[in-house]
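S.K.: One-letter residues, chain by chain:
There are 2 protein chains.
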Amino acid sequence: MTVGLTGLPPLLVVPGIRSGAAAAGLRKPGRRDVVVIECVPGTEAAAVFTRNRFCAAPVVVARAHLERAMPRALVINTGYANAGTGLPGMHDAEACCSALAKQLGCEAHEVLPFSTGVIGERIPLDRLLAALPATVRELREDGWSDAAQGIMTTDTVPKGASRRVSLGGREVTVTGIAKGAGMIQPNMATMLAFIATDAAVTRETLRACIGTAADASFNRITVDGDTSTNDACVLLATGRAGNPRVDHAGPSYDALRAAVTEVCMELAQAIVRDGEGATKFITIEVTEGESETDCLEVANTIANSPLVKTAFFASDPNWGRILAAIGRARVSRLDVHRVCLWINDVRVVRDGSLAPDYTEAAGRAAMRPAEIRVRVSLGAGRYSARVWTCDFSHDYVSINADYRS
Amino acid sequence: MTVGLTGLPPLLVVPGIRSGAAAAGLRKPGRRDVVVIECVPGTEAAAVFTRNRFCAAPVVVARAHLERAMPRALVINTGYANAGTGLPGMHDAEACCSALAKQLGCEAHEVLPFSTGVIGERIPLDRLLAALPATVRELREDGWSDAAQGIMTTDTVPKGASRRVSLGGREVTVTGIAKGAGMIQPNMATMLAFIATDAAVTRETLRACIGTAADASFNRITVDGDTSTNDACVLLATGRAGNPRVDHAGPSYDALRAAVTEVCMELAQAIVRDGEGATKFITIEVTEGESETDCLEVANTIANSPLVKTAFFASDPNWGRILAAIGRARVSRLDVHRVCLWINDVRVVRDGSLAPDYTEAAGRAAMRPAEIRVRVSLGAGRYSARVWTCDFSHDYVSINADYRS
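Protein chains in written order, with my numbering: chain A, 1 to 405; chain B, 1 to 405.
Read the hints as simulated data drawn from the structure, not as lab findings.
Even for Gly, the Cβ is constructed at its ideal location relative to N, Cα and C.
You may find that some hints are simply not true.
Stated by the list, open to error - Where chain A lies over chain B, by a calculated footprint (3+ residues, C-beta under 8 Å):
| # | region |
| --- | --- |
| 1 | 44-55 |
| 2 | 64-77 |
| 3 | 82-88 |
| 4 | 311-319 |
| 5 | 383-394 |
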């Protein structure tokens with residue numbers, strides 16, 4: 001079940017980018033599970049990776065390759081995360097890069113590998129390598145939707161977004177795809193996102209752009225508080241639009257950053273809307289905090305509380321669980337007598353106690369929609385933060401109890 | 001469902017303590033929901049309370065009363081937590097103390113109130129007060145098991161434990177009761193525990209005793225990472241055993257502390273074994289850490305990971321999820337290449353990668369029993385820590401989605 005997702009929007013071609021997918025039979029026969037995204041020579045790239053200390057072999061390899069050269073291709077497999085696989089796992093990731101490089105006529109270190117799936121088991125490398133020629137044959141400029149489908153794991157729908165923006169008089173395109181759907185938590189939790197633009201951008205600027213965009217999007221979503229070993233978000237810029245090369249400052253950078261952020265935000269929210277077993281999409285906004293860190297801590301504590309999440313699943317305005325979550329958040333100071341709470345437009349708590357005009361009927365009505373906004377005011381300062389999450393349903397347990405079987 | 005609990009063990013009488021329970025019809029008609037524990041004049045008391053900043057009215061009142069005088073009685077209600085109820089809630093808690101004090105012939109501030117249940121709604125005070133005379137009539141020395149039943153909420157079985165110990169040549173008894181069963185997390189998560197002994201102990205010593213015991217027991221269990229507004233653990237010492245009054249140092253203190261800790265440990269483990277929807281009882285032991293804090297952080301991150309907990313429910317040796325949890329624990333340093341992991345006696349991970357002698361069959365077999373021990377070695381120092389938790393099942397979602405309905 002997904003909340004308010006109506007399938008893939010039209011994904012615009014990005015000149016200089018071709019993608020394709022094929023079925024290697026890695027985990028489920030017949031399902032497309034290998035994706036290649038190829039970019040023209042001269043494409044700049046920047047990426048952010050998981051902060052989990054057990055990072056997967058492909059993360060280590062991709063980071064190293066990216067430091068060494070501009071990439072010519074990305075190769076992504078599902079089914080196996082290639083994490084916790086030690087040195088053999090590193091060799092597998094490198095072997096995959098070499099094989100693809102040979103077919104594309106580039107160097108192995110110009111290929112960036114990405115994996116998602118079960119941790120700790122070796123990738124069936126022979127099958128993966130055998131599927132590469134077919135994947136390369138599938139490469140085409142309008143391959144985005146195939147690629148979006150090819151990177152899915154427990155996702156129930158493919159995720160993509162596109163924007164157009166004018167930079168120095170030239171129309172520029174930004175298109176991205178992503179996969180979720182569980183183990184989502186700030187700082188690149190199990191999530192892969194690949195975004196490309198035909199804008200001409202310096203590498204430094206591209207880095208700043210993806211950092212800012214990821215911070216406002218992928219680092220603000222949480223499904224279950226778990227973070228993964230494999231997550232990555234890559235931004236490619238082919239330069240084919242012919243715009244004056246975007247440097248850090250100025251209106252062109254702002255416009256590009258806004259477009260990339262919008263794409264990332266739409267992808268991030270789609271991941272939550274398709275969260276494992278999700279029946280509700282919840283925006284949690286914490287305002288009037290002493291710092292943004294405090295606001296984020298409170299928002300994430302609410303968003304990750306299993307008791308709060310099961311209450312959302314039940315459409316139960318059990319606001320006491322939200323207060324209890326606020327009360328245990330790791331913030332240095334909290335004056336409970338200043339805390340106010342709204343569910344949608346219903347004020348539930350005023351100055352730490354039940355609001356005098358609150359009624360259970362109003363609370364129930366506010367919890368009923370599939371999209372809910374929780375707002376908490378801490379009454380302590382001028383900072384705020386917002387995160388997106390989903391509820392915790394029977395299906396979450398089913399999906400995760402049966403994942404490997 | 002509970003894991004390895006076979007009902008209430010025999011609970012020994014503690015001279016100087018009488019308890020009783022009655023049905024006030026607070027939430028469910030006919031169910032005993034009010035409990036009084038009365039103690040003789042001269043009884044010393046010490047307590048630890050929730051660290052949640054939204055602490056309930058009864059917590060505030062009990063703490064204040066305890067500072068002012070030695071208690072003569074405890075009054076506990078279920079159904080309503082009396083938290084988030086503002087000043088009216090404080091008055092309700094005080095009114096309850098006054099009413100009971102009148103019946104017992106003591107002062108209101110010699111009564112300590114405790115509540116557990118739904119947050120944010122006022123207690124139906126008239127019904128609670130109307131049931132007090134019946135509760136007082138029920139008071140008797142062997143009332144422990146009635147009291148254990150009377151404090152239950154989503155618990156499926158009553159919880160109690162007793163120990164005998166010799167102090168200075170005198171036989172002394174320690175008996176305790178507790179309730180869980182969700183919202184359990186270190187630092188007095190929704191949990192009430194009442195422990196009594198007939199030992200003669202100074203107040204200072206009693207404080208040290210309950211602090212140490214709670215730290216080794218109630219602060220080492222977690223069901224879902226949520227902590228509550230109401231939790232409390234009280235230790236009463238009537239002095240009726242006639243032993244030489246126990247002061248801080250010496251073998252008598254050690255013996256008493258050991259007995260109280262054993263009772264608390266049995267109660268704490270019973271809470272996890274009866275965790276909401278639990279089908280497995282899991283001991284997580286983290287060794288060779290740089291500090292106890294690091295070990296605890298790693299243990300709690302594993303214990304609270306929904307992905308790890310659903311894998312336990314499915315008996316799936318999905319050890320990658322355990323590694324991912326270790327990798328995101330908030331410890332200052334972690335050398336993943338030194339991490340080892342065992343499930344029961346099966347070594348799964350050696351030096352950060354799959355152990356060469358590990359087989360999936362062995363992993364599956366290790367995950368099958370209802371009691372599982374996970375051991376993680378960080379290879380960084382000489383500290384260790386142990387926590388107890390349970391799995392995450394469909395029933396957890398059902399229980400918490402339907403709690404108020």
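S.K.: A separate judgement is required for each hint: does it hold in the structure or not?
M.R.: Comparing the hints with the structure gives:
1. 44-55: holds (count 5)
2. 64-77: Result for this restraint: violated, n = 0.
3. 82-88: Contact hint for the region 82-88 of chain B vs chain A: holds, 5 residues under 8 Å.
4. 311-319: That given contact holds, which follows from 6 residues of the region 311-319 of chain B lying within Cβ reach (below 8 Å) of chain A.
5. 383-394: holds (count 3)
Of the hints listed earlier, the one the structure fails to meet is number 2.
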